[in-house]
Amino acid sequence: MGNFIGWLGALLLIFLAGFGLTQWLNLPFGNFIDWVIGASIFVWLIIIVTVPWNVYFQSKAVLNQATISKEKGIAIDENQLPYVRSLAQKSLGLAIGLHVISAITLYVLASSGVGTIGYVGAIAALLLTVLRPAISAYEYIAQRLRLISQQIDYPREDVMELRQRFVNLEESVRQINEQLSNENPYSWVSKYEQFADETRKDLSRLGANIEDLRATNDREHERLARESRQAIAQLSTDSQFLEHVREIIRFFKSA
5 MGNFIGWLGA
15 LLLIFLAGFG
25 LTQWLNLPFG
35 NFIDWVIGAS
45 IFVWLIIIVT
55 VPWNVYFQSK
65 AVLNQATISK
75 EKGIAIDENQ
85 LPYVRSLAQK
95 SLGLAIGLHV
105 ISAITLYVLA
115 SSGVGTIGYV
125 GAIAALLLTV
135 LRPAISAYEY
145 IAQRLRLISQ
155 QIDYPREDVM
165 ELRQRFVNLE
175 ESVRQINEQL
185 SNENPYSWVS
195 KYEQFADETR
205 KDLSRLGANI
215 EDLRATNDRE
225 HERLARESRQ
235 AIAQLSTDSQ
245 FLEHVREIIR
255 FFKSA
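According to my numbering, the residues represented by the sequence shown are 5 to 259, in order.
In short, the hints are calculated from the structure, not lab data.
Cβ atoms here follow ideal geometry from the backbone N, Cα and C, with glycine treated the same way.
There's no promise every hint is true.
What the hints assert, rightly or not - Listed next, the in silico BS3-like pairs over lysine-lysine satisfying Cα-Cα at most 30 Å (straight line):
{"id": "1", "residue 1": "K64", "residue 2": "K74"}
{"id": "2", "residue 1": "K94", "residue 2": "K74"}
{"id": "3", "residue 1": "K195", "residue 2": "K205"}
{"id": "4", "residue 1": "K94", "residue 2": "K64"}
Unchecked claim - Computed beta-carbon distance windows for the label pairs:
{"id": "5", "residue 1": "E165", "residue 2": "L67", "range": "54 to 62 Å"}
{"id": "6", "residue 1": "S90", "residue 2": "E143", "range": "19 to 27 Å"}
{"id": "7", "residue 1": "S185", "residue 2": "A141", "range": "39 to 47 Å"}
{"id": "8", "residue 1": "V55", "residue 2": "Q84", "range": "45 to 53 Å"}
{"id": "9", "residue 1": "K74", "residue 2": "V171", "range": "18 to 26 Å"}
{"id": "10", "residue 1": "N188", "residue 2": "G211", "range": "26 to 34 Å"}
{"id": "11", "residue 1": "E231", "residue 2": "Y196", "range": "45 to 53 Å"}
{"id": "12", "residue 1": "I72", "residue 2": "N181", "range": "33 to 41 Å"}
{"id": "13", "residue 1": "N188", "residue 2": "R167", "range": "27 to 35 Å"}
{"id": "14", "residue 1": "L239", "residue 2": "R209", "range": "16 to 24 Å"}
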């Protein structure tokens, strides 16, 4: 909408500049009313050449793409096609009707003496009825050729296969991200952290058990050493007792 208003503003400036220049140079190009009528006819012809014909050819392009997709086996929404066909027919009838009505109206205005430029507008309206479809037909043929060339270089099956591969890659990346996410309790990272925590706890328990075993071993060694010293001391006492007994026996033998 902003572009259309800007375009009308630029056209108004050109109209005023052209009219002012012709008046300043005293050129016989009609009065102000003729210029207003000419500008109005110009704007109206641009509208009827642009809006309905664009809707028609865009609708035909959509139908053509739908036909190509069905030939390639690509699923489309069949429920939308009747609306597009109806829109194409209505826009074509509206475009031709506006051209014919505009030509007749402009001819009647020119014949009634309102402005001689009406004859030019009527002729232009009739010519544009043929010229606009011819230009669009050329554009359609050029676009069709580009599409055929594009399909030869990049077949639609290859494009669909690449698209499916890309979708599969996206799914794989999503799954990998889920497996690497700390927020997912079943991810690889979460399982690794759980395993690491359990391993640290097991190592702590093993360290505590080793310390307990070391303390128990030290106590047992100390107990064995103490018992050994006691046994050695007992043996020394027994040896002294036996020596005394032998001395007593020798005394009685010598007596």
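The hints, checked one at a time:
With a C-alpha separation of about 15 Å, the suggested pairing of K64 with K74 holds against the 30 Å cut-off. As the CA atoms of K94 and K74 are separated by approximately 24 Å, the hinted pair is consistent with the 30 Å bound. A distance of roughly 15 Å separates the Cα atoms of K195 and K205; the hinted pair therefore holds under the 30 Å criterion. Between K94 and K64 the alpha-carbon distance is near 12 Å, which keeps this suggested pair within the 30 Å criterion.
With their beta carbons about 26 Å apart, E165 and L67 fall outside the hinted range of 54 to 62 Å. Range check, S90 to E143: Cβ separation about 23 Å, and the 19 to 27 Å hint holds. Restraint check, S185 to A141: a C-beta distance of roughly 56 Å breaks the suggested window 39 to 47 Å. Checked against the given bound of 45 to 53 Å, the beta carbons of V55 and Q84, roughly 22 Å apart, lie outside it.
Between K74 and V171 the C-beta distance comes to about 22 Å, which sits within the given range of 18 to 26 Å. Between N188 and G211 the beta carbons are some 32 Å apart, a value that agrees with the proposed interval 26 to 34 Å. A beta carbon spacing of about 51 Å between E231 and Y196 agrees with the range 45 to 53 Å that was offered as a hint. In this structure, I72 and N181 meet the distance hint of 33 to 41 Å, their C-beta atoms being roughly 37 Å apart.
For N188 and R167, the Cβ-Cβ distance of about 28 Å falls inside the hinted range of 27 to 35 Å, so the restraint holds. Distance hint check for L239 and R209: the Cβ-Cβ separation is about 44 Å, which falls outside the suggested range of 16 to 24 Å.
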